[in-house]
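If you read the protein sequences in the order shown, they are chains X and H.
Those letters in the first sequence? Residues 855 to 992, per this note's numbering, in order.
Those letters in the second sequence? Residues 7 to 147, per this note's numbering, in order.
No lab work stands behind these hints: they were computed from the structure.
These numbers come from a predicted model, not from an experiment.
Incorrect hints may appear among the rest.
[Claimed, not checked] Cβ-Cβ distance ranges computed for the label pairs, FRET-style: (1) Asn877(X) to Ile50(H): 42 to 50 Å; (2) Asp72(H) to Val883(X): 39 to 47 Å; (3) Asn959(X) to Phe35(H): 27 to 35 Å; (4) Asp72(H) to Leu879(X): 47 to 55 Å.
C-beta: ideal position from N, C-alpha, C; glycine also.
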Amino acid sequence: MKIPRKKFQATVPSVAMGDIAFNLLIFFVILARAQDDSHIKWEPASTPKVEQVKSIGVSVVVDIDSKLYLNGQEIGESQLSGAIEKLLGNAPAGKRSVLLKVHRNTTALRFEPVIEAVSQAGGDLVHILEEKTVQPKK
Amino acid sequence: MKLRRNNNFLIEPASAATGDIAFNLIVFFLVCASTQPDSGRKQILPRSENQQKQTEQTENLEVSIDRNSVSVNTEKIPLTDFPSRIKRKLQGKAKPEDRIVVVKSTKDVPYHHWIAITGAIEEGGGVITLQLEEERNIQVP
Numbered sequence: 855m856k857i858p859r860k861k862f863q864a865t866v867p868s869v870a871m872g873d874i875a876f877n878l879l880i881f882f883v884i885l886a887r888a889q890d891d892s893h894i895k896w897e898p899a900s901t902p903k904v905e906q907v908k909s910i911g912v913s914v915v916v917d918i919d920s921k922l923y924l925n926g927q928e929i930g931e932s933q934l935s936g937a938i939e940k941l942l943g944n945a946p947a948g949k950r951s952v953l954l955k956v957h958r959n960t961t962a963l964r965f966e967p968v969i970e971a972v973s974q975a976g977g978d979l980v981h982i983l984e985e986k987t988v989q990p991k992k
Numbered sequence: 007m008k009l010r011r012n013n014n015f016l017i018e019p020a021s022a023a024t025g026d027i028a029f030n031l032i033v034f035f036l037v038c039a040s041t042q043p044d045s046g047r048k049q050i051l052p053r054s055e056n057q058q059k060q061t062e063q064t065e066n067l068e069v070s071i072d073r074n075s076v077s078v079n080t081e082k083i084p085l086t087d088f089p090s091r092i093k094r095k096l097q098g099k100a101k102p103e104d105r106i107v108v109v110k111s112t113k114d115v116p117y118h119h120w121i122a123i124t125g126a127i128e129e130g131g132g133v134i135t136l137q138l139e140e141e142r143n144i145q146v147p
């Protein structure tokens with residue numbers, strides 16, 4: 855009787871592929887996080903009426919410590935207008951939205967020059983706020 | 007010669023797919039997180055170059071905001087009455103240049119208070135213009 859020789863299969867291990875993809879993804883997520891403003895601490899002011907707004911290119915944040923950020927990067931007040939103008943470029947009206955996220959207790963001394971800078975750059979100002987929920991009277 | 011049958015099969019779940027499942031789950035949650043819309047309010051402000059000309063043409067309403075109070079043309083108004091009062095003052099003004107409201111704030115006004123007041127002005131049909139304090143360099147001899 856002839857015993858057939860056992861054949862060994864030489865395959866590329868595919869188990870690691872998922873892990874490689876996972877690590878790549880984490881790498882790109884961390885890169886992207888450095889550019890957005892989700893790591894900045896601020897609390898929105900509340901208002902009774904809000905509308906949904908889509909986030910387009912430009913966002914300006916004044917955080918809890920009154921520091922100013924443009925698209926997640928800290929920036930000086932004097933440079934803000936020029937930087938926004940550069941980012942908006944020749945975008946047509948309606949696509950020049952600038953999202954303004956100001957911490958609720960920031961004083962006018964800090965936020966008014968920021969609003970002025972957005973206005974000077976020709977941006978359409980959008981205040982990011984949270985909806986005030988009115989509790990019914992008992 | 008007696009051959010031994012190999013009955014010891016190794017039963018193991020297919021682990022090759024778990025990585026892919028994890029990957030797809032992450033992509034799914036990332037897409038969900040990135041499309042979450044913000045909520046807020048649009049505010050139309052005249053560009054600062056034109057502001058001076060517009061305010062000179064007609065006599066506009068002037069709203070002064072302090073830390074805890076508000077006044078219209080120097081008349082102090084309770085915060086609860088402000089929305090109705092400003093609406094009444096803007097009634098009958100059809101031209102946009104007549105509806106301009108000059109907003110002056112003291113430097114200690116918090117943002118949430120400012121948003122409430124300017125929101126009421128816009129609700130009433132007003133067009134907001136900010137009047138900022140000019141910076142002055144004073145040289146001490």
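Outcome of the hint check:
The hint said 42 to 50 Å for the Cβ distance between Asn877(X) and Ile50(H), and at roughly 47 Å that hint holds. Restraint check, Asp72(H) to Val883(X): a C-beta distance of roughly 45 Å satisfies the suggested window 39 to 47 Å. Distance hint check for Asn959(X) and Phe35(H): the Cβ-Cβ separation is about 32 Å, which falls inside the suggested range of 27 to 35 Å. Our hint of 47 to 55 Å for Asp72(H) and Leu879(X) holds, since their Cβ atoms are close to 51 Å apart.
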